[in-house]
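Engineer: Listed below are the residues making up each chain.
Protein chains: 2
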Amino acid sequence: MSAPVDLVEVWRGDMRESIHQGHAVICDAGGDIVQAWGDPAAMIYPRSSCKMIQALPLIESGAAAAFGLTPAQLALACASHRGAVIHTAPVNAWLDDLGLNDDDFCCGPQEPRDVADRNALIRAGKAPCRVHNNCSGKHAGFLTLTKHLGAGPEYVDIAHPVQMACKAAFEETTQEDSPCYGIDGCSAPNHASTVHGLARAMAFFAAAGGRSDVRSKAAASLVQAMVTFPELIAGETGACTELMRAMGGKVAIKTGAEGVFVAIIPEKKLGIALKIADGATRASECAIAAILVKLGVLDVNHPAAKARMLAPVANWDGLVTGRIRPTAALT
Amino acid sequence: MSAPVDLVEVWRGDMRESIHQGHAVICDAGGDIVQAWGDPAAMIYPRSSCKMIQALPLIESGAAAAFGLTPAQLALACASHRGAVIHTAPVNAWLDDLGLNDDDFCCGPQEPRDVADRNALIRAGKAPCRVHNNCSGKHAGFLTLTKHLGAGPEYVDIAHPVQMACKAAFEETTQEDSPCYGIDGCSAPNHASTVHGLARAMAFFAAAGGRSDVRSKAAASLVQAMVTFPELIAGETGACTELMRAMGGKVAIKTGAEGVFVAIIPEKKLGIALKIADGATRASECAIAAILVKLGVLDVNHPAAKARMLAPVANWDGLVTGRIRPTAALT
Numbered sequence: 001m002s003a004p005v006d007l008v009e010v011w012r013g014d015m016r017e018s019i020h021q022g023h024a025v026i027c028d029a030g031g032d033i034v035q036a037w038g039d040p041a042a043m044i045y046p047r048s049s050c051k052m053i054q055a056l057p058l059i060e061s062g063a064a065a066a067f068g069l070t071p072a073q074l075a076l077a078c079a080s081h082r083g084a085v086i087h088t089a090p091v092n093a094w095l096d097d098l099g100l101n102d103d104d105f106c107c108g109p110q111e112p113r114d115v116a117d118r119n120a121l122i123r124a125g126k127a128p129c130r131v132h133n134n135c136s137g138k139h140a141g142f143l144t145l146t147k148h149l150g151a152g153p154e155y156v157d158i159a160h161p162v163q164m165a166c167k168a169a170f171e172e173t174t175q176e177d178s179p180c181y182g183i184d185g186c187s188a189p190n191h192a193s194t195v196h197g198l199a200r201a202m203a204f205f206a207a208a209g210g211r212s213d214v215r216s217k218a219a220a221s222l223v224q225a226m227v228t229f230p231e232l233i234a235g236e237t238g239a240c241t242e243l244m245r246a247m248g249g250k251v252a253i254k255t256g257a258e259g260v261f262v263a264i265i266p267e268k269k270l271g272i273a274l275k276i277a278d279g280a281t282r283a284s285e286c287a288i289a290a291i292l293v294k295l296g297v298l299d300v301n302h303p304a305a306k307a308r309m310l311a312p313v314a315n316w317d318g319l320v321t322g323r324i325r326p327t328a329a330l331t
Numbered sequence: 001m002s003a004p005v006d007l008v009e010v011w012r013g014d015m016r017e018s019i020h021q022g023h024a025v026i027c028d029a030g031g032d033i034v035q036a037w038g039d040p041a042a043m044i045y046p047r048s049s050c051k052m053i054q055a056l057p058l059i060e061s062g063a064a065a066a067f068g069l070t071p072a073q074l075a076l077a078c079a080s081h082r083g084a085v086i087h088t089a090p091v092n093a094w095l096d097d098l099g100l101n102d103d104d105f106c107c108g109p110q111e112p113r114d115v116a117d118r119n120a121l122i123r124a125g126k127a128p129c130r131v132h133n134n135c136s137g138k139h140a141g142f143l144t145l146t147k148h149l150g151a152g153p154e155y156v157d158i159a160h161p162v163q164m165a166c167k168a169a170f171e172e173t174t175q176e177d178s179p180c181y182g183i184d185g186c187s188a189p190n191h192a193s194t195v196h197g198l199a200r201a202m203a204f205f206a207a208a209g210g211r212s213d214v215r216s217k218a219a220a221s222l223v224q225a226m227v228t229f230p231e232l233i234a235g236e237t238g239a240c241t242e243l244m245r246a247m248g249g250k251v252a253i254k255t256g257a258e259g260v261f262v263a264i265i266p267e268k269k270l271g272i273a274l275k276i277a278d279g280a281t282r283a284s285e286c287a288i289a290a291i292l293v294k295l296g297v298l299d300v301n302h303p304a305a306k307a308r309m310l311a312p313v314a315n316w317d318g319l320v321t322g323r324i325r326p327t328a329a330l331t
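Protein chains in written order, with full-length UniProt numbering: chain A, 1 to 331; chain B, 1 to 331.
In case anyone wonders, no lab produced these hints; they're calculated from the structure. Careful: at least some of the hints might be erroneous.
Any copy, or any two copies together, can satisfy a pair, since identical chains are not distinguished.
[Unchecked claim] Keeping only pairs whose Cα atoms sit at most 20 Å apart, straight-line, the calculated EDC-like set for lysine to aspartate or glutamate is:
| id | residue 1 | residue 2 |
| --- | --- | --- |
| 1 | K147 | D157 |
| 2 | K147 | D97 |
| 3 | K167 | D14 |
Start from the sequences, fold in the hints, and give me the full structure.
Structural biologist: Following this line, the structure appears as structure tokens:
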């Protein structure tokens with residue numbers, strides 16, 4: 001097991017103030033490592049970065065077709081959204097279609113990260129609902145599958161048919177037996193894998209368009225949904241949204257809590273997974289942008305790339321006091 | 001130069017999810033290292049952890065006495081507050097006393113971290129002011145010294161008499177020549193030192209009560225102000241506030257951005273400084289609590305200690321999904 005390596009540094013004035021280490025793997029469709037940093041065998045929780053894997057059973061089961069889910073709904077099932085109205089309105093409509101309401105969600109209420117819609121909620125004197133949870137689209141997918149299967153309401157239980165299907169999809173696409181799981185921020189189980197395993201799963205998604213089996217077709221439709229609706233994945237200003245737009249729909253990317261980021265590159269049939277050892281999102285965003293630039297799929301001069309790779313640290317008065325940037329290992 | 005060492009780990013379920021490394025030094029009144037982790041010579045920006053040093057010139061110059069500043073005002077000068085009314089009301093009154101207003105502050109407007117008072121501001125349709133900046137108490141001190149010296153309004157300029165006095169106090173208490181400075185979140189210069197140097201300065205404060213020179217008397221009065229008004233230093237729920245209360249006024253502690261924390265222990269004439277290499281506050285809070293427990297000045301069973309040292313990671317639905325805790329190095 002090798003140690004994590006320096007991936008991202010934070011500068012203030014002429015001195016490096018903080019440093020982020022991590023592990024990263026670029027994997028091909030055969031499951032082999034193309035390039036790696038740190039320890040490919042490091043065991044991690046993918047957190048929200050594996051939502052597209054958790055959405056596979058929704059399609060494979062026939063539930064998505066039976067309920068007529070749109071590509072926008074599939075994108076929401078893969079999203080870590082900002083609780084903005086552009087997210088909560090369609091998720092609420094989806095709940096209506098299912099004949100369910102906010103109380104049927106197992107994810108807890110979360111204050112919207114979208115500042116304008118958060119402030120509107122506060123001005124209206126309303127508390128955040130479960131639909132505002134950044135995972136509510138994934139949970140709408142879980143509820144859809146639950147209904148399709150005629151299963152019980154406790155759909156986040158590890159032994160629930162929905163979670164058993166998610167675990168199977170996770171282990172089959174990572175091609176690993178997951179040694180353990182944790183409970184995620186939204187109360188759903190989150191299965192551990194190596195960084196290599198997570199990258200292998202992303203490579204499966206990347207190469208899915210060239211195959212015609214049920215799982216591959218499901219994977220390809222999820223990738224297409226993600227790149228078609230980047231604003232549903234992470235909301236305006238979100239790294240996933242802005243970077244997917246910058247890549248013009250050619251690459252699907254997804255963040256996960258505690259410093260995880262993944263990418264799916266169909267044109268190269270490559271998958272990427274990375275974990276910042278200390279869990280910092282500012283670093284995972286910088287590192288994924290740097291690797292995408294390195295692979296030639298993201299323009300280093302695009303504002304969305306520069307905002308992550310040479311991110312100005314601005315203080316409360318708007319003064320630029322430093323920069324966040326990738327280390328030499330990533331450039 | 002030695003590498004940072006593992007200080008704090010974040011667990012989810014049965015697996016360690018993230019890890020924080022850092023440097024820490026416990027220093028005695030003679031400036032010698034009592035115990036250290038990582039590299040005592042690591043160069044850092046103290047950020048807000050050195051506000052009590054930046055407040056020394058305010059007292060030494062005679063400005064505090066001339067303007068009749070109270071211990072509560074001295075505490076506010078050392079604070080990184082939450083922009084709650086208990087902070088902004090006295091700072092605004094202080095501005096009034098100086099015949100100045102919000103526009104005279106050089107710190108930028110910041111949304112209050114106190115949720116209730118933040119929401120009140122949003123409901124009133126008001127934008128945050130400069131007084132809401134967590135450093136506004138320090139800036140009120142800067143303005144007081146500026147007025148006392150008859151100096152110009154640009155009091156955050158590196159060549160302004162206020163900042164020259166702050167730099168001298170910093171270099172004299174750390175007993176180091178600072179190699180560089182950065183611009184802090186509040187636009188004031190922040191001078192770099194080693195972790196050892198910052199701990200040495202804290203030991204100077206810790207032993208100040210036993211000396212009668214002007215600087216030592218100033219230092220002792222600032223320590224007394226901090227421990228007397230913990231709620232002015234960090235607001236309710238803040239780590240500085242809760243941990244200082246838990247130690248019953250015997251220890252002054254102060255957080256700084258990017259994972260810095262310091263402590264002043266008069267009864268032992270010891271100073272502590274630590275820096276989490278990746279800049280995480282959750283880790284600096286855990287590490288300082290662990291060291292204070294180790295030194296016997298903080299009860300490991302006090303709720304405020306347990307909240308940092310065995311901090312439950314709760315998700316949006318209130319489920320405990322993991323723990324933040326110190327590594328074996330700190331226990």
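Engineer: So, for every hint listed, does it hold in this structure?
Structural biologist: These are the hints, each one checked on the structure:
In this assembly of identical chains, the alpha carbons of K147 and D157 lie at most 20 Å apart only when taken from the same copy (15 Å versus 64 Å across copies). Only within a single protomer do K147 and D97 lie at most 20 Å apart by alpha-carbon distance; the minimum there is 11 Å, versus 66 Å between protomers. In this assembly of identical chains, the alpha carbons of K167 and D14 lie at most 20 Å apart only when taken from different copies (17 Å versus 47 Å within one copy).
Hint compliance for this structure: no hint is broken.
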